[in-house]
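Protein chains: 2
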Amino acid sequence: MNLPASLEALIRELSRLPGIGPKSASRLAFHLIKADPEESAALARAIVECKSAITACTSCGAIAEGGLCPVCADPSRDRSQICVVENPRDVLTVERTGEFRGLYHVLGGVISPLDGIGPEELSISPLVERCERESVRELIVATNPTVEGDATGLYIARLFKPLGIRVMRIAHGLPVGADLEYADSMTVARSIAGRVEL
Amino acid sequence: MNLPASLEALIRELSRLPGIGPKSASRLAFHLIKADPEESAALARAIVECKSAITACTSCGAIAEGGLCPVCADPSRDRSQICVVENPRDVLTVERTGEFRGLYHVLGGVISPLDGIGPEELSISPLVERCERESVRELIVATNPTVEGDATGLYIARLFKPLGIRVMRIAHGLPVGADLEYADSMTVARSIAGRVEL
Numbered sequence: 001m002n003l004p005a006s007l008e009a010l011i012r013e014l015s016r017l018p019g020i021g022p023k024s025a026s027r028l029a030f031h032l033i034k035a036d037p038e039e040s041a042a043l044a045r046a047i048v049e050c051k052s053a054i055t056a057c058t059s060c061g062a063i064a065e066g067g068l069c070p071v072c073a074d075p076s077r078d079r080s081q082i083c084v085v086e087n088p089r090d091v092l093t094v095e096r097t098g099e100f101r102g103l104y105h106v107l108g109g110v111i112s113p114l115d116g117i118g119p120e121e122l123s124i125s126p127l128v129e130r131c132e133r134e135s136v137r138e139l140i141v142a143t144n145p146t147v148e149g150d151a152t153g154l155y156i157a158r159l160f161k162p163l164g165i166r167v168m169r170i171a172h173g174l175p176v177g178a179d180l181e182y183a184d185s186m187t188v189a190r191s192i193a194g195r196v197e198l
Numbered sequence: 001m002n003l004p005a006s007l008e009a010l011i012r013e014l015s016r017l018p019g020i021g022p023k024s025a026s027r028l029a030f031h032l033i034k035a036d037p038e039e040s041a042a043l044a045r046a047i048v049e050c051k052s053a054i055t056a057c058t059s060c061g062a063i064a065e066g067g068l069c070p071v072c073a074d075p076s077r078d079r080s081q082i083c084v085v086e087n088p089r090d091v092l093t094v095e096r097t098g099e100f101r102g103l104y105h106v107l108g109g110v111i112s113p114l115d116g117i118g119p120e121e122l123s124i125s126p127l128v129e130r131c132e133r134e135s136v137r138e139l140i141v142a143t144n145p146t147v148e149g150d151a152t153g154l155y156i157a158r159l160f161k162p163l164g165i166r167v168m169r170i171a172h173g174l175p176v177g178a179d180l181e182y183a184d185s186m187t188v189a190r191s192i193a194g195r196v197e198l
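If you read the protein sequences in the order shown, they are chains A and B. Quick note: the first sequence, position 27, residue 27 per this note's numbering, numbers continuous. Quick note: the second sequence, position 29, residue 29 per this note's numbering, numbers continuous.
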């Protein structure tokens, strides 16, 4: 028994989403078939509307609805600090802490020679321009603690330190609530290297 | 920083899908924002098209494109055997084995008093009608091996045996390739109870 073409197409499109394999895609497709027509129509509509409404902030690359994002548009934010992140979602993660009052810069990825991604593929020269235009004094690199994330951080440090900008990296170590016994040795090593005085 | 309304709406709609929590929904939404416009448009279109093209088979309740499903419409299938399953997806799972040449019947769920689902909420009376109309000799209950699935199987057995129909259940036991040592005791108990002669 072959699947109807429209169902095949829906499963194929759902499988293209990150973290959704063929089995999950099939489960989602059957859910949508069975769901209230209003529910599936609302999902389809939300995809189309979101795609047309959401843009990248013209200054930092975070999500916006045309023009600047709410952070860049907020005059009360500290313009001398820029937190450099990999993608627009990371902006929300940092914002949720409520601990950072500066601006952001979204790189759009990390340097990864194996995937053919060099500094030119990332939003690094716009960051240089921002730093030259605005009175930025500190960059806080918040790329993920992966080999590529670390390499990207080092690249940024080498590029911006000569411009007289302080380049910091967020701390890596044991997550709050974690158990030393179950932590991997890379994380423990990082937390020892990054020790602070009590 | 609040999320734009259109993005909030997309995350909310994605969270309604089974197995997609708020974090996955947010990851999927950001993927769709970043994706090729053609990819997200194709997904939205596939949802709408699938929803309008796919119907329930008027005889067995499996997925169809108007009227009968391919299995019910196939004159070469054995009409004396009906495999009773919980949902349309199970039909595909059984079909994929290539071992079953009879017809199907989709219950649309299982008897679950706690969720307010009794036999009347399921497609059981249409199954009685099918059995009266067609020369069905055997029902093979393939509900899931859960308390509700087993109870539903017993209910069907009590209902159909008096009509002179043989009611069977698919075998439960150790999955092929499994290791006895790691199997749960319910499964091992079932596999002993359901032992067959070598």
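Quick caveat, the hints were computed from the structure, so don't treat them as lab data. One or more of the hints may lead you astray.
Heads up, the list lumps identical chains together, so a pair's fine if it works in one copy or across two of them.
EDC-like, lysine to aspartate or glutamate: derived pairs with alpha carbons at most 16 Å apart [stated by the list, open to error]:
#, residue 1, residue 2
1, Lys161, Glu120
2, Lys51, Glu39
3, Lys23, Glu38
4, Lys34, Asp90
Note that this is a predicted model, so its numbers are computed, not measured.
Note to self: For Lys34 and Asp90, with the copy left unspecified, which applies at a CA distance of at most 16 Å: within, between, both, or neither?
What the structure shows: between (35 Å within a copy, 14 Å between copies)
Notebook entry, point to check: Between Lys23 and Glu38, at a C-alpha cutoff of 16 Å, which is it: within one copy, between copies, both, or neither?
Noted result: Neither: 24 Å inside a chain and 23 Å across chains, both beyond 16 Å.
Margin query: With identical chains, the pair Lys161 and Glu120 could be close in the same copy or across copies; at 16 Å between alpha carbons, which is it: within, between, both, or neither?
Written below: Cα proximity of Lys161 and Glu120: none, with 19 Å in one copy and 73 Å across.
Check: Under a CA distance limit of 16 Å, which applies to Lys51 and Glu39: within one copy, between copies, both, or neither?
Finding: Answer is between: at 11 Å across copies they meet the 16 Å cutoff, but 18 Å inside does not.
Against the hints set out earlier in the document, violations occur for numbers 1 and 3.
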